[in-house]
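With the hints as a guide, bring both chains together as one complex.
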Amino acid sequence: MAANYTIPALTEDPDLRETPELTPGAMGHLKPFVAAPAHQEALGFPGTLVDGWEEKAVARLGELLGKYRSLQVYLDACVKCGACTDKCHYFLGTGDPKNMPVARQDLLRSVYRRHFTPMGKMFPRLVGAKELDRAMLDDWYSYYHQCSQCRRCSVFCPYGIDTAEISMAARDIMDHIGLGQKYCNEIIGKVHKIGNNLGLPEPALADTLEGLEEDVKDDTGHDVRFPLDVEGADVLLVTPSADFFAEPHVDGLIGYAKVFHQAGVSWTLSSHASEAANFAMFIGSYEQMHIIANRIRQAAIDLKVKRIVFGECGHAWRVAYSFLNTLAGPWDFLDPKYPVPQHILEFTRDLIRNGGIRLDREANTGMTLTFHDSCNVARASRMGDFEGGQFVIPREVIKASVPKFVDMHPDTIHDKTFCCGGGGGLLTDDLIELRVKGAQPRVSALKQVVEREGVTHMAAICAICKSQFTKVLPSYGLDMEMVVSVHQLVSKAIRLGGND
Amino acid sequence: MSYDVNGKTIDHDEEGYLTDLALWNEDLAAIIAEKEGVNMTPEHWEVVNFLREYYQEYQIAPAIRVLTKALTKRMGADKGSNKYLYELFPYGPAKQACKIAGLPKPTGCV
Numbered sequence: 001m002a003a004n005y006t007i008p009a010l011t012e013d014p015d016l017r018e019t020p021e022l023t024p025g026a027m028g029h030l031k032p033f034v035a036a037p038a039h040q041e042a043l044g045f046p047g048t049l050v051d052g053w054e055e056k057a058v059a060r061l062g063e064l065l066g067k068y069r070s071l072q073v074y075l076d077a078c079v080k081c082g083a084c085t086d087k088c089h090y091f092l093g094t095g096d097p098k099n100m101p102v103a104r105q106d107l108l109r110s111v112y113r114r115h116f117t118p119m120g121k122m123f124p125r126l127v128g129a130k131e132l133d134r135a136m137l138d139d140w141y142s143y144y145h146q147c148s149q150c151r152r153c154s155v156f157c158p159y160g161i162d163t164a165e166i167s168m169a170a171r172d173i174m175d176h177i178g179l180g181q182k183y184c185n186e187i188i189g190k191v192h193k194i195g196n197n198l199g200l201p202e203p204a205l206a207d208t209l210e211g212l213e214e215d216v217k218d219d220t221g222h223d224v225r226f227p228l229d230v231e232g233a234d235v236l237l238v239t240p241s242a243d244f245f246a247e248p249h250v251d252g253l254i255g256y257a258k259v260f261h262q263a264g265v266s267w268t269l270s271s272h273a274s275e276a277a278n279f280a281m282f283i284g285s286y287e288q289m290h291i292i293a294n295r296i297r298q299a300a301i302d303l304k305v306k307r308i309v310f311g312e313c314g315h316a317w318r319v320a321y322s323f324l325n326t327l328a329g330p331w332d333f334l335d336p337k338y339p340v341p342q343h344i345l346e347f348t349r350d351l352i353r354n355g356g357i358r359l360d361r362e363a364n365t366g367m368t369l370t371f372h373d374s375c376n377v378a379r380a381s382r383m384g385d386f387e388g389g390q391f392v393i394p395r396e397v398i399k400a401s402v403p404k405f406v407d408m409h410p411d412t413i414h415d416k417t418f419c420c421g422g423g424g425g426l427l428t429d430d431l432i433e434l435r436v437k438g439a440q441p442r443v444s445a446l447k448q449v450v451e452r453e454g455v456t457h458m459a460a461i462c463a464i465c466k467s468q469f470t471k472v473l474p475s476y477g478l479d480m481e482m483v484v485s486v487h488q489l490v491s492k493a494i495r496l497g498g499n500d
Numbered sequence: 001m002s003y004d005v006n007g008k009t010i011d012h013d014e015e016g017y018l019t020d021l022a023l024w025n026e027d028l029a030a031i032i033a034e035k036e037g038v039n040m041t042p043e044h045w046e047v048v049n050f051l052r053e054y055y056q057e058y059q060i061a062p063a064i065r066v067l068t069k070a071l072t073k074r075m076g077a078d079k080g081s082n083k084y085l086y087e088l089f090p091y092g093p094a095k096q097a098c099k100i101a102g103l104p105k106p107t108g109c110v
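Chains as they are written, first to last, in this note's numbering: chain A, 1 to 500; chain B, 1 to 110.
Extracted from the complex, chain B is given alone in its bound form (with noise of 0.2 Å):
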């Protein structure tokens, strides 16, 4: 189970997300997100970037809401909503931006 990037493979789990989070880059965010269906927008690269800058800072995936926050002062009030989330991410903001942007997997009853 892998994706290959530039000549490269990269590991990854049964569900798409990166075994080694140490691993991605911008080309196999890229590649992941086709693989999900997602086209990438300047939008969605902003939300995981901010995903990305979070997880370094405090080990884990941002809440819905610190996210929509954070975008709302990044982008303006109509880009911060869950709605707008999902608009992106069909298939939830949380899980699938997590996968795009390389973060393990949010568990538990979300």
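So that you can see chain A by itself, here it is in the shape it has in the complex (with noise of 0.2 Å):
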């Protein structure tokens, strides 16, 4: 199928990268699938755009401004300086004004002002006040899905203001008046219905698991285990289910599972909570992030594992770093001298540190890495016990694993590092437009260090990065291929058996 769109130019040094010329409505068009009343009501949402929606999203907006101190204080506060107008990919790979962050946020801003302040009620064209008319919302449910949440811009506002918190919110209210995204909506139900977000049946997971073991031991002659649902585990290993389905995710899992096995740690995976990610997040639902959370504690206490681990997933990271307690604590059952949760890289790293596995590089022979930080790894959590850690303890198990690194341009990297153009919920077919042009920030950046460094491969924690940058790539002219898992590299470099 051809693109039936204009792929942008790359940037040939993000040095010199220029403000986009300024197209209004670029990406007006773009509307990702409405969910069907089934996907709506199977999470407690009305089926269709409810009768009185006008009043209904106002009073739910009311109701979320109680509930989050955060959310008033993001509209209020914002002066209009301008410094987020050119930080957001999508911004920069559109060109739609629309998709600058002040401009997404003032959709839901003007609506509060008519509603919520002395000002806007009583002049609202002084203040930029409106009504949420039926072009307000087609703007809202267009451009709402035009955000991942990534919360680039709020790195470069001087007030702080989290455009990803606003655009959730606005996500909840279309949520509340029955309209809402088909692809994170179905995904949710699948995860209550069946346990994950790919609806992977127990008997299909454990086949593909013992696929796996099957096919390490080809490869290795090792005896190297996937196992599920081992009651009396030392870990459970919660990781997102395209762990268990797509490429290159499935190389870092058999990577788990090797570094699990040399350092002779029991762990299990389980059929119940097969699922890390955290979609609820997505759409600003604080109960679905409960209900989804507590699958994972449910886990825990049924196969009385001592700890948690995390495998590479980006968002599901920021659910479990910032709010698992809140979510789903305590966690005064599991054995305290671990962090609840750890991810795996901490793990890996730790063992690399402590001679509990060996790495090669030179089983990667011809690589040279670059890395892709997660934004929700980067932005909205934290690794290890220092600050700083989800920047440092990536790179230094990649080190560890290859026989060269080099990274991306500084503005493009750490806390400044780009979406992948495919984060928040949008990583569906429906928004491929967007999915590509919102890439071109980051490719552009890759693109530099492929060229002038000979960079062959770059890293994701992130199924939803690699998902995202395997299906992009090909459109700037880079092979799907390079993308790789993290614990793909450490999986190609451990040294199995023999290690004392």
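Any given hint might turn out to be false.
Capping the alpha-carbon separation at 35 Å, the derived lysine-lysine pairs in DSBU-like fashion look like this [unchecked claim]: (1) K217(A) <-> K8(B); (2) K217(A) <-> K306(A); (3) K80(A) <-> K121(A); (4) K73(B) <-> K193(A); (5) K79(B) <-> K67(A); (6) K217(A) <-> K79(B); (7) K217(A) <-> K35(B); (8) K447(A) <-> K83(B); (9) K69(B) <-> K399(A); (10) K416(A) <-> K98(A); (11) K217(A) <-> K182(A); (12) K31(A) <-> K105(B); (13) K404(A) <-> K8(B); (14) K83(B) <-> K105(B); (15) K447(A) <-> K69(B); (16) K31(A) <-> K83(B); (17) K404(A) <-> K79(B); (18) K56(A) <-> K105(B); (19) K399(A) <-> K79(B); (20) K98(A) <-> K35(B); (21) K182(A) <-> K83(B); (22) K35(B) <-> K8(B); (23) K105(B) <-> K447(A); (24) K35(B) <-> K73(B); (25) K79(B) <-> K105(B); (26) K217(A) <-> K73(B); (27) K56(A) <-> K130(A); (28) K193(A) <-> K182(A); (29) K217(A) <-> K404(A); (30) K416(A) <-> K31(A); (31) K193(A) <-> K69(B); (32) K8(B) <-> K182(A); (33) K193(A) <-> K306(A); (34) K31(A) <-> K447(A); (35) K73(B) <-> K31(A); (36) K217(A) <-> K83(B); (37) K399(A) <-> K83(B); (38) K31(A) <-> K130(A).
Just so you know, the hints here were simulated from the structure itself, not pulled from any lab data.
Okay, here's the thing in structure tokens:
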């Protein structure tokens, strides 16, 4: 299928990046598929747009303002300084001014002003206050689904206004009036019904894991296990279901298994919590987040594990690192010697440092790696017990696994990392135009190190990032197979057996 | 939203996936493939048939690795790779091949 949109030109040198020419309404046509009544009702939302949605939406906004103090601060605090305008990858890739973070915020802010501020109630036109009419609702649906909630803009905002939280609130309001997004809501329903985003039932999961044991045995001669629902294991590994299904995700899963095997740590996956992702965050639903997170608690209790480790998943790590205790704690039944939760990269790095595993860089000869910091790990969490651990630890593990590592342009890594273009519930085919265009800033920085430094591969630690890059890199003339999991590199480099 | 097959209309969703999987047949698969711009060769049918067999047993499409392994067994090592699957189904073996095989779309971070 040929693309019926223009693929943006790459920026030759990110140092010289220019603000794109403004194209008002360039992306106004793009709307993701609307959730069907069955998807909506499974989550307790109205099936279709309700009568009187205008008032009901405003009432829901009022509830959210009472619940989340931050939301009101963000809606009040903006001084229109413009610092955020050229920081969003979707704006940079599309030139649509409504994809400037401030304009995206203003879609909700203008309605807030109309109904919740004295000036907006009396003199709406003087303060940019607007009614929530059908045209505004259409803009909400369109442009709040063109925000990947990556929070890059908030790094540059002098007030720290978090557009992600505003877009989550807008999606929550739309869900509550019966206008949900199919991709997210269908998936959350699958988690409730089957246990994971993919809809992978337990027998299929067991069969897949058995197949992986055979593959690793064939490859290495070692009996590396992929245990499922093993009561009394030390570690419960919670990982995105894409790790069971997709490439290069599964190569990362094989890496985790080899690390556990070589370290001699007993571990298990759970068929009940066979998904790390928590898409409820993307739709701003605390209630749904709570239900999804509690599956992990239940699995940990049922399997009597001592610790919980998360696999390579960006927003799952945000939910785990930042909210797990509030959502599903207390975790006093786990072994207090270990962090709750722990990231697989922390686990692997500790083993590398204390000699628990040995890596052989020569196994990855010919590879020059760069690393894509995933937004939710970089900007919404931490890793390890020191500041910046989320940047240092993945790079340390990569450097221990490959002969050469090069970072991309400093404006595009660490907390200034660009989103892959598919995060926040946008990794869906109906938004492919946005995904391709939104990848432009990241791919520009990647291409620069490919051309100048001979980078051959880019590692990522998020299932969404891996799938997104695999899909969109060919649009920019790069090979889909240059995207790798960090633990895929570990998997190649690890020396199995005879490790004393 | 429907396909016309031998005078019958068969419903599909916004993306072209069948709403009733039981209504699939080979003529329909050929029509879906044509819409996708995929020219069905014996290798394509091999993939489609395996997807359907696996789905019958597990109610889900096989993981890419499970699929490539099965194809290696059936057609040889040179055809059991993710790259080869993309040659057959340029929009992605999981999604495009599932659509043609009448299976639901794999969802999530894939």
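K31(A) paired with K130(A) [C-alpha distance capped at 35 Å]: holds, 22 Å
Given hint K447(A) paired with K105(B) - CA-CA distance at most 35 Å: Answer holds: K105(B) to K447(A) is near 32 Å, not above 35 Å.
Agreement of K73(B) and K193(A) with the hint, judged by alpha carbon distance not exceeding 35 Å: Holds, at about 34 Å.
Hinted pair K69(B) and K399(A), Cα distance within 35 Å: OK: K69(B) and K399(A) at ~31 Å, within 35 Å.
Straight-line alpha-carbon gap K193(A) to K306(A), limit 35 Å: holds, 27 Å
Given pair status - K121(A), K80(A), alpha carbons within 35 Å: holds, 21 Å
Hint consistency between K79(B) and K105(B) [alpha-carbon to alpha-carbon, up to 35 Å]: holds, 23 Å
Straight-line alpha-carbon gap K35(B) to K8(B), limit 35 Å: holds, 17 Å
Hint consistency between K98(A) and K35(B) [alpha-carbon to alpha-carbon, up to 35 Å]: holds, 34 Å
Distance restraint between K31(A) and K105(B), which requires alpha-carbon spacing of 35 Å or less: holds, 19 Å
Pair hint K217(A) and K306(A), alpha-carbon separation not exceeding 35 Å: Distance ~28 Å between K217(A) and K306(A) Cα, so the pair holds.
35 Å Cα cutoff - pair K182(A), K83(B): holds, 30 Å
Hint compliance for this structure: hints 1, 5, 7, 11, 13 and 35 are not met, and every other hint is.
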